[in-house]
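Colleague: Okay, here's what each chain looks like letter by letter:
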Amino acid sequence: MIKYIIRRLVQSIPTLFGITFLSYLLLWLAPGSVVERLYLAPNIKAETRARLAAQLGIDDPFHIQYLRWLTGDDWLRWDTDGDGIADQSFGLLAPLDEDGDGVPEPPGDNYGILRGDFGRSFVKKQPVTEVFIANLPATLELGIAAVLTSLAIGIPVGVISAVTKGRLFDNVARVMAVIFDAIPNFWLGYILLYVFGVLLDIVPLGGRCVPNLYGVCPSLFQRLIYLPLPTIVFAAGFVALFSRYVRTSTLEVLSQDYIRTARAKGLSPRVVNFRHAMRNAMIPVATLLGPIITNVWAGAIVIETVFAWPGVGRIAFTSAIQQDYPVVMGIVILASIATILGFLLSDILYVLIDPRIRLD
Amino acid sequence: MASEKAKAKIKADDLLRSKSLTDLALARLRRDRLSMVAIGILLFLTLASIAAPIITGALGVDPNTTDASESKYLPLFSEGHLLGTDNLGRDHLARLLYAGQVSLFIGFMSAFLALVIGVTLGILTGYFGGIIDDVVNWIITTLNSIPGLVLLIVISAVFKPDANSLILVIVFLTWTATTRLVRGETLSIRSREYIVSAHAIGASHFRIMQVHILPNVFSLTIVTLARNIGIVMLIEAALSFLGLGVQPPTATWGNMLSKSREFITKAPHLMIFPGLLITVVVLCLYVLGDGLRDAFDPTATD
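In order, the protein sequences belong to chains A and B. Going by our numbering, the first residue of the first sequence is number 141, and it counts up by one from there. Going by our numbering, the first residue of the second sequence is number -3, and it counts up by one from there.
Careful, some of the hints might be misleading.
Below, a list of computed lysine-lysine pairs in the DSSO-like style, where the Cα atoms sit at most 27 Å apart [stated by the list, open to error]:
(1) 156(B) to 265(A)
(2) 305(A) to 405(A)
(3) 264(A) to 156(B)
No lab work stands behind these hints: they were computed from the structure.
Using the sequences and the accompanying hints, generate a full structural model.
Modeller: So this is what it looks like as structure tokens:
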């Protein structure tokens, strides 16, 4: 088992490398200079711009910049006597006086993304990891609520569908699943907001809470009214996914010999369906964990925008609009790591709960 | 007498001619009423969108004529504006029709291009294996690990695509599924006897791929095409809704929704129709996709 986990983790290293490469390539290809974005002065003089570019190292070739972004610059140019001026540097990669004005540059202070330093937000001037962590609870709250809701609805619906195959319940459930698959989730959100927020006026028109005097949200139970609409919209697609998946796997289980044996020895259909069939049909659901995590990120962007929910998706969207590249790249990479871990976790779970599966 | 003989001969020919799997599948599809309804609705909406200039000409409206004075937020069935007008006094029906052109074009074109790339790369990697296979697989795993919509908003926010470059961006993110599917199928076909014998009689790699593999993976990909168009249309809608897709004044069903929240109380109908059209089209595509899958299922019996 541990061997398997280690092998999988090692296998994900090239993937992670590809993700960082792709995100950095996007930044590299982006129109508009990073210097302008940092100093918000589009009309600075050419020589000032060149000097700033040299100082920031953005006149270096792509692979050098990429390497520096990955591994940081604190080991490239550092300070040994504690006067805040760099006096040691790593050869030609980082000359002490990069811009050639006779004054040594300050020592490197960036640890690189491999050591968890994603740089600072251009807009908020905060470290990216702080921005991410500050917005993560809201997304987790919504994502977990949505996944739990959809499991609570999707699993029973799937099992009952399979048991009543071809009859009314099954047909209605399957039609509903296709419809909820086809409805754009932001549109469903608007419709629900219009009906419940505007016409009936029983839920707030978006947001996560009314912050208290300190600008902090009160505890979950005092703001439950904000949760149902985004959760329903978020869960709609997942319910369709779960119910379809559970239906298929239940149908497969129902055709197994041990189910026939259970029936033959006179157990009630209820016991057979729910104790024997459902438990075994649940196993493949574990494999959905990976895809679900991908979908939570994607759904978060749209749903958090519709409902003005202050989570990671919303910050990803606003940062993309404001071209706040460090935040955007940080979120892409962190969300991808979460996705990779999700896929790994679902594979491990699958092996753990199904004793029939052997790893080798 | 002679004509009867000829008729009998034609009938015999008909019986003798072997029916391909595709013929059988299409025959099955024709008997599937739900799929035929879906095709009907899709055809109707596509034709209506293509005929947008004719229809709007006949109604005397234009999608981009603004009227800021009197006729903003006109309700349904107003004088001269069948579906009312939007926040700038533009005719809603005309915009819906023209938006259909763009939305449907993006959907069909992206899914088609992704299919072409997926089939080509899938066959090549599955057939040759080796280093190409490893590299393509690495790219696919990488792209699949990044949440698609996150990457899509980043690319769109950075490069601000128009309708055509948006297609390329969507293709860049969606070619992976078909490629994996075709690659897997090619791998299993590659070791069959008829491929080995084709090698033995000296057929070139290109000929084997073209004559022996392509037709066999074809039905597999056709089945996924309808569903993929639906998925792409939802992606485009979400992106345009976020204001990162096709920019106004060019209308798409997605970007018509992006501002509708601001006048949700004044003119709720502006929110209803674009979303309804997306839902109906995607629903039809999914239903058709399911119908195609059942029709092409080799274990199905007539």
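Colleague: Run every hint past the structure and note whether it holds.
Modeller: Quick rundown of the hints versus the structure:
| no. | hint | in the structure |
| --- | --- | --- |
| 1 | 156(B) to 265(A) | holds, 25 Å |
| 2 | 305(A) to 405(A) | holds, 23 Å |
| 3 | 264(A) to 156(B) | holds, 23 Å |
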